[in-house]
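Chemist: Using the sequences provided together with the hints, build the complete structure.
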Amino acid sequence: MHHFDVVLKLLLRNSFARVAGRPVARWLETELPKVQKPSIDMLGETAQGELIHIELQSGHDDEMPFRMLEYLGRIGKLHQRIPRQVLLYAGREPLRMPGEITWADGSHRYQLIDMRDVDGEPLLASPEPSDNVIAILTRLKDSYAAVRQIWENLSRLPGEQASEYFQALLIIAGLRGLEEAVQQEAQRMFTIDLSENKVLGPVYLQGQLGLLRQQIERKFGTPPEWVEDKLSQLSAEEVKAVGFRVLEAASLEDLFR
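According to this note's numbering, the sequence shown is numbered sequentially starting from 1.
Simulated from the structure, these hints should not be mistaken for laboratory data.
Since the model is a prediction, treat every value here as computed from it, not as a measurement.
Do not take every clue at face value.
Said to hold, decoys possible - Dumping the calculated DSBU-like pairs for lysine-lysine here, alpha-carbon to alpha-carbon at most 35 Å:
#1 240 with 219
#2 77 with 9
#3 230 with 9
#4 219 with 9
#5 219 with 230
#6 230 with 240
#7 240 with 9
#8 141 with 9
#9 240 with 141
#10 141 with 219
Stated by the list, open to error - Beta-carbon label-pair distances, calculated as ranges:
#11 9 with 232: 14 to 24 Å
#12 80 with 157: 50 to 60 Å
#13 232 with 107: 36 to 46 Å
#14 10 with 79: 16 to 26 Å
#15 237 with 48: 50 to 60 Å
#16 157 with 109: 35 to 45 Å
#17 243 with 117: 14 to 24 Å
#18 50 with 236: 42 to 52 Å
#19 220 with 93: 15 to 25 Å
#20 81 with 251: 46 to 56 Å
#21 107 with 49: 17 to 27 Å
#22 105 with 79: 23 to 33 Å
#23 232 with 81: 33 to 43 Å
Heads up, the beta-carbon is just placed ideally off N, CA and C, and yes, glycines get one too.
Modeler: Pasting the structure below:
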């Protein structure tokens, strides 16, 4: 989940109140001071001084209730306040994780948000670009129409800012299998060669890499780290060449020969 995780954290700094209904006034340090130095995903504080702890998940984790309980204790000890906790799920598969853990003498509950249950229309209509991008994860009347609207909204931003949000959109779209729809909409809106465009070129390359990663994973399973290192160094033309090799390659090594 690494790429999704990083992008979602950045977007949620502006959009958390619209997603979860809890406004955060400032964001706090997320590393917990222990021997193993575990890090939480996000920790914020409301204007009233209430702590909000947020964990992001794109897959199922049987240990999540135990992790949330552990984080509760460590955050509470560090800040001398018990946080309100939110587990935000953005995965493709149906949500199967519980929102509580119980034992003989008690229980611990936390807010569980499945992004598919969040109404995406207010986020699409928002003037905040991070809201627009996050909307692609939510409940939408028409995902493809939403992609078109998001592109139109982001295209009005200044060049460098537009590039950042276009790239975030491509990464986040991977959680819903919509990378190709995002790229097709880009081609529809721009008659230029996207791979040569200064603003959209890096975005286009990230989208192509996302599709290539899916092809590789379908054929060979989850690739090792060395494959990701190789992919990160490819140009747009090289990505296309490797994509053609996937169909006939007998091994991962064959892809890069």
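Chemist: Evaluate each hint against the coordinates.
Modeler: Hints versus structure:
no.: 1; hint: 240 with 219; verdict: holds, 17 Å
no.: 2; hint: 77 with 9; verdict: holds, 24 Å
no.: 3; hint: 230 with 9; verdict: holds, 26 Å
no.: 4; hint: 219 with 9; verdict: holds, 31 Å
no.: 5; hint: 219 with 230; verdict: holds, 17 Å
no.: 6; hint: 230 with 240; verdict: holds, 14 Å
no.: 7; hint: 240 with 9; verdict: holds, 30 Å
no.: 8; hint: 141 with 9; verdict: holds, 25 Å
no.: 9; hint: 240 with 141; verdict: holds, 33 Å
no.: 10; hint: 141 with 219; verdict: holds, 32 Å
no.: 11; hint: 9 with 232: 14 to 24 Å; verdict: holds, 20 Å
no.: 12; hint: 80 with 157: 50 to 60 Å; verdict: violated, 41 Å
no.: 13; hint: 232 with 107: 36 to 46 Å; verdict: holds, 44 Å
no.: 14; hint: 10 with 79: 16 to 26 Å; verdict: holds, 23 Å
no.: 15; hint: 237 with 48: 50 to 60 Å; verdict: holds, 54 Å
no.: 16; hint: 157 with 109: 35 to 45 Å; verdict: holds, 40 Å
no.: 17; hint: 243 with 117: 14 to 24 Å; verdict: violated, 35 Å
no.: 18; hint: 50 with 236: 42 to 52 Å; verdict: holds, 47 Å
no.: 19; hint: 220 with 93: 15 to 25 Å; verdict: holds, 21 Å
no.: 20; hint: 81 with 251: 46 to 56 Å; verdict: holds, 53 Å
no.: 21; hint: 107 with 49: 17 to 27 Å; verdict: holds, 25 Å
no.: 22; hint: 105 with 79: 23 to 33 Å; verdict: holds, 25 Å
no.: 23; hint: 232 with 81: 33 to 43 Å; verdict: holds, 41 Å
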